[in-house]
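S.K.: Start from the sequences and build out the full structure, keeping to the hints where you can.
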Amino acid sequence: SRAGMQDATMPTILPSGEICVPLPVGKSAWSESLRDLKRTLEGGCLFVIGRGRCSGVRDPVKMPGDVTDKACELVFDELIKIIGFEMQAQAMGLKTDATASGACWH
Numbered sequence: 001s002r003a004g005m006q007d008a009t010m011p012t013i014l015p016s017g018e019i020c021v022p023l024p025v026g027k028s029a030w031s032e033s034l035r036d037l038k039r040t041l042e043g044g045c046l047f048v049i050g051r052g053r054c055s056g057v058r059d060p061v062k063m064p065g066d067v068t069d070k071a072c073e074l075v076f077d078e079l080i081k082i083i084g085f086e087m088q089a090q091a092m093g094l095k096t097d098a099t100a101s102g103a104c105w106h
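Just so you know, we're using my numbering here: the sequence shown kicks off at 1 and counts up by one.
Please note that a few of the clues may not be correct.
[Said to hold, decoys possible] Capping the alpha-carbon separation at 27 Å, the derived lysine-lysine pairs in BS3-like fashion look like this:
1) LYS62 - LYS81
2) LYS27 - LYS81
3) LYS27 - LYS70
4) LYS27 - LYS62
5) LYS81 - LYS70
[What the hints assert, rightly or not] Quick list of the computed label-pair ranges, beta carbon to beta carbon:
6) LEU23 - PRO60: 22 to 28 Å
7) ILE13 - GLY43: 25 to 31 Å
8) VAL25 - ALA91: 30 to 36 Å
9) ALA91 - LYS62: 29 to 35 Å
10) GLN88 - SER28: 30 to 36 Å
11) LEU14 - ASP69: 33 to 39 Å
12) LEU74 - PRO24: 15 to 21 Å
13) ILE19 - GLY84: 19 to 25 Å
14) CYS20 - THR40: 18 to 24 Å
Just so you know, the hints here were simulated from the structure itself, not pulled from any lab data.
As the structure is a computational prediction, the values presented were derived from the model and not from experiment.
All residues carry an ideal CB built from backbone N, CA and C; glycine is no exception.
M.R.: In structure tokens, the structure reads:
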């Protein structure tokens with residue numbers, strides 16, 4: 001069953017903690033970071049994990065290989081929208097069980 005497959009692949013202890021990553025310095029470094037974000041979303045592999053929620057961030061441009069400034073800005077705006085939603089949900093005091101356990105939605 002699908003549930004059995006999920007249980008078999010899920011670690012018993014999920015990682016937690018913090019990681020510090022230096023910010024890009026200069027326009028060129030920021031542009032490169034946004035292009036990397038765009039390419040990551042083209043692969044469909046970015047999720048924002050919150051309290052009882054897993055929100056998928058999708059490429060709103062849906063044009064593989066388009067790393068123009070405009071396309072990268074749209075992708076960044078999509079990421080900010082999802083993070084903002086998660087912060088708002090937490091500020092509203094939603095409990096960790098406010099959604100179905102393990103459910104991913106957006």
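S.K.: Each hint should be assessed against the structure and marked as holding or not.
M.R.: Evaluated hints:
{"no.": "1", "hint": "LYS62 - LYS81", "in the structure": "holds, 17 Å"}
{"no.": "2", "hint": "LYS27 - LYS81", "in the structure": "holds, 23 Å"}
{"no.": "3", "hint": "LYS27 - LYS70", "in the structure": "holds, 15 Å"}
{"no.": "4", "hint": "LYS27 - LYS62", "in the structure": "holds, 25 Å"}
{"no.": "5", "hint": "LYS81 - LYS70", "in the structure": "holds, 16 Å"}
{"no.": "6", "hint": "LEU23 - PRO60: 22 to 28 Å", "in the structure": "holds, 24 Å"}
{"no.": "7", "hint": "ILE13 - GLY43: 25 to 31 Å", "in the structure": "holds, 27 Å"}
{"no.": "8", "hint": "VAL25 - ALA91: 30 to 36 Å", "in the structure": "holds, 32 Å"}
{"no.": "9", "hint": "ALA91 - LYS62: 29 to 35 Å", "in the structure": "holds, 31 Å"}
{"no.": "10", "hint": "GLN88 - SER28: 30 to 36 Å", "in the structure": "holds, 33 Å"}
{"no.": "11", "hint": "LEU14 - ASP69: 33 to 39 Å", "in the structure": "holds, 36 Å"}
{"no.": "12", "hint": "LEU74 - PRO24: 15 to 21 Å", "in the structure": "holds, 19 Å"}
{"no.": "13", "hint": "ILE19 - GLY84: 19 to 25 Å", "in the structure": "holds, 21 Å"}
{"no.": "14", "hint": "CYS20 - THR40: 18 to 24 Å", "in the structure": "holds, 20 Å"}
The earlier numbered hints are all upheld by this structure, with none contradicted.
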